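Chains A and B are the protein sequences, given in the same order. Under the working numbering, the first residue of the first sequence carries the number 5, and numbering increases by one thereafter. Under the working numbering, the first residue of the second sequence carries the number 188, and numbering increases by one thereafter.
Hints are computed from structural coordinates only; laboratory data are not their basis. Quick caveat, the model's predicted, so the values are computed rather than measured. One or more of the hints may lead you astray.
To be verified - Covered stretches of chain A (in silico footprint by chain B; criterion: 3 or more residues with CB under 8 Å from a CB of chain B, positions within the stretch not fixed): (1) 10–24; (2) 40–51; (3) 74–83; (4) 92–100; (5) 170–180; (6) 188–202.
No residue lacks a Cβ here, since even glycine has one placed at the ideal position from N, Cα and C.
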Amino acid sequence: MHIPDGYLSPQTYIPAFAAMAPVWAYASRQVSKNMRSRQVPLLALGAAFSFVIMMFNVPIPGGTSGHAVGAVLIAILLGPWAACIAVSIALIVQALIFGDGGITCIGANCFNMAFVMPFVGYWVYQLISGRSSPGSKLRIWAAAIGGYIGLNAAALATGIMFGIQPMIAHDASGHALYAPYPLLVAVPAMMIEHLLLFGVVEAVVTSLVVAYLQKVDIKLIAATAGSEAQS
Amino acid sequence: MKTYTKLFLALLLLAILTPIGLWLPERLNGGAAWGEWSVDEIKALAGYVPRGMEKLASLWNSPMPDYAMKGQNEASLPGLSVSYIISALLGIIVIFAIIFIIGKLLIRRDDTGSA
Numbered sequence: 005m006h007i008p009d010g011y012l013s014p015q016t017y018i019p020a021f022a023a024m025a026p027v028w029a030y031a032s033r034q035v036s037k038n039m040r041s042r043q044v045p046l047l048a049l050g051a052a053f054s055f056v057i058m059m060f061n062v063p064i065p066g067g068t069s070g071h072a073v074g075a076v077l078i079a080i081l082l083g084p085w086a087a088c089i090a091v092s093i094a095l096i097v098q099a100l101i102f103g104d105g106g107i108t109c110i111g112a113n114c115f116n117m118a119f120v121m122p123f124v125g126y127w128v129y130q131l132i133s134g135r136s137s138p139g140s141k142l143r144i145w146a147a148a149i150g151g152y153i154g155l156n157a158a159a160l161a162t163g164i165m166f167g168i169q170p171m172i173a174h175d176a177s178g179h180a181l182y183a184p185y186p187l188l189v190a191v192p193a194m195m196i197e198h199l200l201l202f203g204v205v206e207a208v209v210t211s212l213v214v215a216y217l218q219k220v221d222i223k224l225i226a227a228t229a230g231s232e233a234q235s
Numbered sequence: 188m189k190t191y192t193k194l195f196l197a198l199l200l201l202a203i204l205t206p207i208g209l210w211l212p213e214r215l216n217g218g219a220a221w222g223e224w225s226v227d228e229i230k231a232l233a234g235y236v237p238r239g240m241e242k243l244a245s246l247w248n249s250p251m252p253d254y255a256m257k258g259q260n261e262a263s264l265p266g267l268s269v270s271y272i273i274s275a276l277l278g279i280i281v282i283f284a285i286i287f288i289i290g291k292l293l294i295r296r297d298d299t300g301s302a
């Protein structure tokens with residue numbers, strides 16, 4: 005899901021940076037307002053976990069590969085704004101040091117994986133969890149479904165970004181200047197693999213960690229559960 | 188053991204296991220992620236290299252492209268696995284450093300503050 009340099013036109017990647025600038029600014033303010041210094045190690049662990057889990061490429065035999073992101077898990081533990089900061093930093097490090105995701109596409113990739121994903125996933129998690137206790141089994145399912153839908157929302161946003169490129173930029177002969185596949189190809193291609201496999205991987209990863217933390221340190225789950233949940 | 192310590196150890200274990208993320212796609216012939224093909228791959232897929240893509244694709248020279256050493260033999264899975272683990276550990280160190288700096292700058296409230 006890391007869009008490389010060359011796949012997005014400037015007409016796409018510049019607005020993506022413009023969209024992320026206020027999101028990053030507001031996320032920083034929210035983190036500054038709502039987080040305690042003792043939560044900083046958890047934020048670092050979350051960002052590093054996201055970075056490492058994205059290295060576990062899962063193949064679809066004979067076709068393609070993909071991975072979990074971990075953004076919904078971080079949102080469940082620290083709120084979606086903190087998740088936005090954590091995953092953004094993981095994505096920026098991946099782009100700059102490891103060439104995973106383009107530097108022109110940092111805004112777009114952060115929009116998909118660090119903004120759309122944690123917010124959609126967190127909303128689904130909270131919707132399903134309702135007022136259930138932090139230790140309830142329902143929250144494990146909510147985490148799984150939140151992770152699944154969150155990753156698929158990010159895949160949809162990514163597919164749309166790919167798919168609008170031939171419309172935005174092509175030369176006189178009709179050849180695309182950037183990503184060459186139209187919406188009708190890009191969106192199904194992105195969605196099918198994430199609906200079938202990578203979303204399931206995300207669901208398993210997210211719910212396993214939530215179930216584990218319910219056992220060993222319930223207050224980490226309780227932080228965003230209940231009335232004082234940060235939004 | 189404190190939860191954070193446990194989670195940190197689990198993270199290090201994951202970092203050591205990351206080569207699974209190289210081997211599995213290799214073994215099962217997974218191929219590149221959709222939309223993340225190299226310029227050569229896209230030429231084979233689409234029949235041409237989009238002109239704008241050609242220009243932008245080589246914009247950035249990352250120090251460890253694809254979580255490997257520059258110019259590393261791409262056929263050597265054991266060699267790539269070592270680089271992959273080193274990349275995971277390096278990523279963890281850099282990310283921890285950045286988050287702790289951001290945390291110092293942004294977060295003033297400690298445990299003694301009210302909820």
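Practice problem: Quick one: which hint numbers does this structure break? Sort them smallest to largest. | Solution: Result: hint 3 breaks, nothing else.
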